[in-house]
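Read top to bottom, the protein sequences are chains A and B. If you read the first sequence in numbering that gives the first Met the number 0, its first letter stands for residue 0, the second for the next number, and so on. If you read the second sequence in numbering that gives the first Met the number 0, its first letter stands for residue 0, the second for the next number, and so on.
Hints were generated in silico from the structure; no laboratory data involved. Small disclaimer: the values here were computed from a predicted structure and weren't measured. Do not take every clue at face value.
Subject to a maximum C-alpha distance of 30 Å in a straight line, what follows is the list of computed DSS-like cross-link-like pairs (lysine-lysine) [claimed, not checked]:
#	chain 1	residue 1	chain 2	residue 2
1	A	LYS466	B	LYS70
2	A	LYS89	B	LYS152
3	B	LYS70	A	LYS441
4	A	LYS466	B	LYS6
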Amino acid sequence: MIKRNRPRRQHPIYILFPLFNMVKGLLPLIIITLLQGVNWSELNGYIYLGILAGVTLLMFLGLLGWRKFSYTVEEDRIVIRKGILFRDEKTIYFGRIHSVNLEQPLLQRLFGVTQVKIETPGGNKKAEGVLTALTETDARQLQKLMLAPIELQGDATGPEAPEAVEDQSFSRGRPVPKLQLSAGQLLLAAATSLNFGLVAAFIAGIVSLADDFINELAPDLYSRLYEESTSVDPSYTLIAVIAICGLAFAWLLSLVLYVIKFSGFTADKQDEQISISYGLLEKKVHHFDARKVQAVIVQEGLLHQWIGYAQIQLQVVSSDKTERLMLHPFMPAKALESVLACFVPQFAAAKITAAAPRRAYFDYVWKRLLAVSLLCALPLYFFHTAGLWSLLLLPLAAAWSWSCLSAAGMNLENGQLTLRKRNLARMTYYMRRPQIVSITAKRTRGQQKRQLLSISAHVLGSLQAYKVACLEREDVEQVWRWYSRNKTSNKQ
Amino acid sequence: MDRPLTKRLHRDYITVFRISSLIMHLVLYVLVIAYIAFAAWKHWTYIPGFIGLAVVSISALLFIWFIPELKYRRFQYELFDEELEIQSGLIVIRNVLVPMVRVQHVELESGPLMRNYELASVAVVTAATTHRISGLKQSEAHFLKRRIGQLAKVDELDD
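Work the whole structure out from these sequences, hints included.
Listed below in structure tokens is the structure:
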């Protein structure tokens, strides 16, 4: 039990963490030495001594680190003291906390402890407070203590406060359902979302790890493979089969990774606190105040949009500037309105009313056509007539541009700006005025003449701006006037 | 977006821009010539050297001759009571609107070359973005910094 005003240490398993982290870092090296076959009896005694000394030192450091690390929960703040030589004391006021995440990376999961990350709005790369190893009950209790519905302190929320008051009355009457994914839904979601990013990261990781092994174990593997592959006359069917197999493998891998990442997904809300948890191997639980959500992002992948599903992400202030929290990975697009009303009632599922005009098609299409033409030049140069097939890409690019254009649009209603665009997946951004940090309007000379404007909005917590290209000039000017604080000087 | 923005950078900024581009391109020229000399010594092909020479020459022409003047002409800004608007861009014209209540802090920066001409650049930092006005006289930059500092203090009653 965590008691207020009493310093408390982490779980004693923390003593082992420096040792395990070192072992984890050296793992490839250790495996390689073991695989190469070590003659244990011939080893020099000093090596054993050295390993023993290293282990003892790391254990000792772990013990010291554990003894010197304490956290104290006070009335309105948590104080974390740490450091062996250089003492470090950090005070985090509860009112400043944007989210509390309970995570179980592999190591923590093995020992049944939980890592707590406390996120506040600040420029740091790392989370403001990290408690590496707590028992699960402690972690849950701590999270509850820190996010208890205390009066929101004015300094932290400033601009959001007036809105928050109105929200409470808004959400009170509604029962909040628990969002979950059944096994079937999870599988369908995994099968229809080709997450190439996830696959690429995984493969890159495997390759970099495997490279070490391969170079050690079979130095001439690559050159041998190359020789064998060139000695056989490669037919086009073979290449096609290999390509299809590769794609199928990538799809299967992405499916598995998706299931591992999102299995056990639940999203819940209790008195303004949203909690989201998912993960099979590395379990993550995010807790945050619904009123501190900066923006809502709805992403509809090509396949998902076709079968009428979408994924909802929330932009929250966090130390990882690219992170967005998944509110729901796979949800019928029709349910968006009710989910938003339950979880983040300050956002409305506004319909896009101001679409990009048809005359902007040229601006959408010319870059893609140029890129595709350059791409086509290569096969034409190398394969001559057979390369003509690549010209089929041109109408494809034109169609793609058209679908990008018809997805682009915006809406401005009840103090909420909604932007929608498509790259491959269709993205819709919902944001409110107090959370927008700056707005940019762009145009070239030509677009100026054709009355087109591109708009981008920066929201707190995200490095990336939310942009839509080439909208009707009047619509963007309306947003500009809405965002501008100097109403008089802008009206002329 | 359509309201007139009256403030500009100082004309000395054009000179500073030209000098710094000149220095950068001299360095590039030295590198290219070093390659050609090395190629002559080792009997390599000269072609990369000639391509480099052409590219550097074109970029020198652009960055020393045209772009400084153009950038000066295209850059306008104005500090209103509650917001800062900056217009910039050579091919794509961008207008940025930064409300004073979203400003976190203001930074003054000036390198040795800019100091020589008594110039400085002002960086307006918000929680997610940084906006630079570089090439103001130091006195004006200081004034702008202080003014934004005052305006940013105003508490907001938004929505």
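Hint check:
| no. | hint | verdict |
| --- | --- | --- |
| 1 | A:LYS466 x B:LYS70 | holds, 24 Å |
| 2 | A:LYS89 x B:LYS152 | holds, 27 Å |
| 3 | B:LYS70 x A:LYS441 | holds, 16 Å |
| 4 | A:LYS466 x B:LYS6 | holds, 28 Å |
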